[in-house]
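A.B. asks: Protein chains in written order, with our numbering: chain A, 194 to 421; chain B, 5 to 222.
Incorrect hints may appear among the rest.
The calculated lysine-lysine pairs, modelled on DSSO-like cross-linking and capped at a C-alpha distance of 30 Å, are [as the list claims (entries may be wrong)]:
id	chain 1	residue 1	chain 2	residue 2
1	B	Lys71	A	Lys200
2	B	Lys98	A	Lys225
3	A	Lys315	B	Lys98
4	A	Lys259	B	Lys98
5	A	Lys259	B	Lys106
6	A	Lys285	B	Lys106
7	B	Lys106	A	Lys315
8	A	Lys236	B	Lys71
9	A	Lys342	A	Lys315
The hints are simulated quantities; they were obtained by calculation from the structure and are not laboratory data.
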Amino acid sequence: MDVNSNKYTIGFSIVMVVIVALLLAFASEGLKPMQNQNIEREKMQNILKSVGIEVTRDEAQDAYNKYITEEIVLNDKGEQIEGDAFKVDILKEYKSGGQKNFPIFIYESEGSKKYIIPLVGKGLWGPIWGYIALESDKNTVAGASFDHKGETPGLGAEINQGWFQEPFVGKKIFDESGDYQSIRVIKGGAPEGDKHGVDAISGGTITSNGVTEMLVRTLKIYEPYLKS
Amino acid sequence: MSESLFSKKNMKLIKDPLNDDNPITVQVLGICSALAITVKVETAFVMAISVLFVLIGANVIVSLLRKVIPSRIRIIVQLVIVASLVILVDQVLKAFVYDVSKQLSVFVGLIITNCIIMGRLEAFALGNKPGASFLDAVGNAFGYGMILIVVAFFRELFGSGTLTLPVVGKIEILTSLANNTGYEHNGLMILPPMALITVGIYIWIQRSRNRKLIEENH
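Bound-form chain A, shown alone (with noise of 0.2 Å):
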């Protein structure tokens, strides 16, 4: 036979293309259980990091049980309605038009209470995303965890290491009067004894501008429901 005529070319390549897709379609039906429990439980472990509690991926799952006591999907009046909170794409939800779908996740142990809100944004090359905790006033800070897609590493990648994260921690996303402040992150450090900004990270300013975009955006939908 001819290997190099225009029919076996044609030919071989068919076949070949047949073969390979489907044995491609087989490994990625076969393995996508485990690839969505692997995404899902980073995500139980993202929330829980916010309040603080570092677990492993295989006790992620238990974990998120025994401490997230709620899971509540809010529309964009922060009412509640009906859905799973813990389903909700975010990202999608601020693309798409009409009904809005906001998840909260509520916190509750040894009879201390807080409320986890997603977040997202765009850092300087990529993707960021978090979640920061409340305390059972709404307003207070109990923990933010921020993690990112590819931020410079030393610079803007800094916003998942602890000492960026830990000094959210007490801040209040209103002021006495009960007005909306979120949080800001301050370039060039945040003044002593300010309730609403923290330090931004030098040489990161567009990651940290970034948090802070993300964070006065996704609170300001929150506020109806954190107020009532």
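Keeping the supplied structure of chain A fixed, place chain B upon it in accordance with the hints.
C.D. replies: Coordinates of chain B only, in the frame set by chain A:
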């Protein structure tokens, strides 16, 4: 088979890429990934295993098909084979070692464009039997992986003061020194330029010990 799988000629296929014909330090192939994923020993290790798997798979498959692949579309055929294997590796990593797969991120996908793989397919697998191609793949993947792990060892040790080994996990080595004596980790080690310099130092040492590799001055 007329000659044994472990004949002298075949053993040379495995040994050469480790030193005299190393894909990274002598052929200077696959440099990009060597720079990108050598911040931690564990990621370098997983990358090396992934390349080992892809290279063996691709080399053996191409070698088996070498008489039926139409020569006009052989590069496309090779790419399809490599790409499928890489996608398989990526899916498996996502399912079983999710954290490592996140760190490797796009670099698993970029194994497709790793010059070592296409280089070996073109230069070796298309003209040799599957057994020899298998050994050639093993040799080259080890040659590649060895450099990756050596570079990652020095970058992680001096850059972060730790060694993250597969299975064992993270071992703190210089961190207490950093906390107690004012020793500072060299942050530059974590950045890509230092990988290039580390590879350069490796090449320097290798050539000073292996005179064959030194080009003559004209």
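A.B. asks: Now, for every hint given, state plainly whether the structure supports it.
C.D. replies: Cross-check of the supplied hints:
1. Distance restraint check for B/Lys71 and A/Lys200: the Cα-Cα separation of roughly 16 Å lies within the 30 Å cut-off, and the hinted pair is therefore satisfied.
2. The straight-line distance between the Cα atoms of B/Lys98 and A/Lys225 is roughly 9 Å, inside the 30 Å bound, and the hint therefore holds.
3. Between A/Lys315 and B/Lys98, the direct Cα distance comes to roughly 24 Å. Compliance with the 30 Å bound is thereby established for this hinted pair.
4. For the suggested pair A/Lys259 and B/Lys98, the alpha carbons sit about 27 Å apart, so the restraint of at most 30 Å is met.
5. The straight-line distance between the Cα atoms of A/Lys259 and B/Lys106 is roughly 27 Å, inside the 30 Å bound, and the hint therefore holds.
6. This hinted pair checks out: A/Lys285 and B/Lys106 have alpha carbons roughly 22 Å apart, not beyond 30 Å.
7. Pair hint B/Lys106 plus A/Lys315 holds up; C-alpha atoms about 19 Å apart against a cutoff of 30 Å.
8. A threshold of 30 Å between alpha carbons decides the hint, and for A/Lys236 with B/Lys71 the separation of about 50 Å lies outside it, so the pair is violated.
9. Between the alpha carbons of A/Lys342 and A/Lys315 the distance comes to roughly 10 Å, so the proposed pair stays at or under 30 Å and holds.
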